[in-house]
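Engineer: Chain by chain, the residues run as shown.
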Amino acid sequence: MAVATSARRSGSRPRSGGSAWHYLAAVAYLAFVLLPIGYMVLVSLQDSVTAGTVLVPRSIHWQTFAEMWATVDLGLYLRNSLLIATATGVCGSILALGAAYVVARFRFRFRNTFRTSLLATQAVPGVLLLLPLFVIYVVVQHALSVRIVGSYYGVVLTYMTFALPFSIWLLSVYVASLPKEIEEQALVDGAHRYDVLRYVTFPLAVPGLVVTFIFSFLLAWNDVLFASVLTSPVTRTIGVGLQNYVADNTLPLWNQLMAASIVSAIPAVVLFMIVQRWIVAGLAAGSTKG
Amino acid sequence: MITGGPERSAVAVPQPGQGAVGRSARARPLPRGSPLRAPYWMMAPSVGLLAFIVFLPILIAFYISLTGLNQYTIGDWLHAPFVGLRHYVDTLQPGGPFASSLFNSVKASLAFSLLTTALIMPIALGAALLFNQSLRGRAFFRAMMLVPYIIPTFVNAILWRLVFMNGTGVADQLLSAVHVGSRETFWLIGPNSLWAMVMADVWAAWPFVYLMSLAALQTIPGELYDAATIDGANGARRFLHVTLPLIRPTLGLAVVLSTINHFNNFTLPYVMFGISPPEQVNVLPLNIFVNSFVTFNFGLGAAMSVVALAIMLTPAVIYLRAARVGDES
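Chain order of the listed sequences is L and S. The first sequence begins at 1 in the working numbering and counts up by one. The second sequence begins at 1 in the working numbering and counts up by one.
Simulated from the structure, these hints should not be mistaken for laboratory data. Please read these numbers as outputs of a predicted model, since none were measured by experiment. In this text, a Cβ means the ideal position worked out from N, Cα and C, and glycines have one as well. There could be a bad hint or two in this list.
[Unchecked claim] Selected chain S positions facing chain L (Cβ under 7 angstroms, derived; list incomplete):
1. Pro-39
2. Met-42
3. Ala-127
4. Leu-130
5. Phe-141
6. Ala-143
[Said to hold, decoys possible] Which chain L residues stay away from chain S? Per the calculated CB distances, all over 10 angstroms, these:
7. Asp-47
8. Pro-57
9. Trp-62
10. Phe-65
11. Glu-67
12. Gly-75
13. Leu-82
14. Thr-86
15. Ala-87
16. Gly-150
17. Tyr-152
18. Ile-182
19. Val-210
[To be verified] One-sided and incomplete, this derived list gives chain L residues near chain S with beta-carbon spacing under 10 angstroms:
20. Leu-30
21. Tyr-39
22. Leu-95
23. Leu-128
24. Ile-136
25. Val-138
26. Val-140
27. Leu-157
28. Thr-161
29. Leu-164
30. Ile-168
31. Asn-222
32. Gly-239
33. Val-246
34. Leu-257
35. Leu-271
Turn these sequences into a full structure, and let the hints steer you where they fit.
Structural biologist: Laid out in structure tokens, this is it:
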């Protein structure tokens with residue numbers, strides 16, 4: 001990616017001196033970031049009696065990572081979250097690309113209104129939308145006798161829509177930066193607009209789509225508010241499900257809770273780590289390219 | 001929205017549509033099937049979903065805020081008793097039955113979002129400047145900095161809840177070990193709870209501003225620094241007169257966006273403190289959730305969320321202005 005290389009070049013301008021101080025600062029930042037995570041790992045390895053009350057485990061209690069699956073239905077929650085977040089990312093990114101393409105390549109009457117309203121949605125509190133959305137879904141359920149509340153596609157549809165404004169915006173910036181000559185050539189050669197999008201624009205937009213996929217995935221993975229109302233015990237996501245370790249009137253099993261928290265953070269962390277270079281480059285591209 | 005994405009940084013504001021095919025809205029409509037005609041069907045699904053799942057609910061929220069909708073009338077919500085502006089009077093008029101609750105929540109939300117943003121800015125900018133320089137293992141450091149940001153908010157909230165447990169939590173143990181505080185300091189109830197939540201959110205959210213700052217720094221051409229160095233500018237002057245002016249628009253956008261994100265954060269206070277939080281952390285989203293889904297006073301909850309939206313309009317307008325600088329008219 002040309003953008004990435006140019007951004008890296010300007011970013012890595014050599015500086016002389018102060019190197020030891022730089023390392024000291026870098027290590028301080030690393031400690032700031034990693035100490036809380038290290039604490040999580042330590043607690044997850046403690047036995048349930050002392051968990052959370054001491055720093056170093058009396059003995060390494062690996063069993064926590066086995067026991068936690070039985071305490072609550074962690075496997076089900078993780079599977080639900082994976083399914084919902086992946087569907088959100090894939091469907092949301094593809095829909096967003098269609099809208100972004102039109103916004104990037106054409107002028108139309110409400111274009112600026114549309115773009116402004118995309119930005120404006122960022123300020124809307126989620127808790128404002130929750131009840132009306134629930135009401136709408138219930139009305140539609142009654143009218144069409146389909147199940148939305150508690151189903152997978154109810155939450156997917158909701159998260160997908162919440163991810164659209166950012167995805168459309170980012171992809172429209174991205175598509176605008178792609179050369180339009182190839183598309184025009186294909187159109188002149190008689191290709192249908194859909195084929196152009198499918199075989200020309202889509203492959204070129206993949207780096208942008210990766211960023212919007214991750215963004216939508218994380219949005220779905222992280223949500224608790226909407227999942228708490230829109231999922232049923234069968235479709236419960238991990239964010240809501242984790243609360244079950246502390247629910248009821250029993251003592252919280254901190255070691256299992258921490259172990260489950262670590263496991264539930266892994267998919268997001270791994271995904272983000274794989275593409276983090278692209279994200280920094282994509283943000284840099286968004287700020288220079290038009 | 002429930003999360004604010006890492007919006008693009010606006011050093012030079014991108015203009016999607018530059019080099020567009022350039023159909024003016026006033027131009028004669030093109031025949032159907034013309035390759036130059038905008039394929040509106042491509043944006044129809046997005047527009048439809050946004051209309052039904054974002055914009056329609058906003059309108060319905062306005063309507064609900066004018067009704068006495070509760071758990072008894074929810075089955076037939078269109079016929080819930082119309083109470084006009086009663087909920088707004090109850091919450092906004094001094095001495096109204098819910099005025100102190102709302103006022104307290106607005107105060108808590110503002111304190112939380114402004115404190116968090118104020119603490120995050122220097123941490124994030126420092127890291128961005130540090131990791132923009134050549135440093136052995138820079139890619140590793142850069143990647144690790146993002147970890148707190150990717151950890152789901154509900155995990156973050158659970159973690160800090162454990163850290164701040166009274167007496168047994170690592171915060172109290174550390175404070176007593178270095179004789180700064182008592183082991184019996186309460187963090188999850190009482191006035192300290194605000195600081196516990198600020199700490200948790202600073203740790204989790206600073207990489208967002210760091211990412212935006214880093215992206216902005218990378219767009220500054222190295223030649224500018226070379227020129228400044230030749231002119232005799234030292235490190236501090238280069239930062240003040242080259243770096244800062246160039247990344248200021250991005251930093252401004254980061255401040256606004258992160259304030260909005262903190263203000264609308266529901267998951268953190270909900271998972272950290274539950275549905276009966278101490279008043280210092282009874283932020284607006286949590287208060288609205290409790291009014292709507294715990295006490296089922298939907299009308300009141302809707303009115304309070306409209307107030308929250310109105311408060312968010314100020315930073316939102318600033319943000320829209322900033323984002324549209326250089327926008328084609």
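Engineer: Which of the listed hints are broken here?
Structural biologist: none
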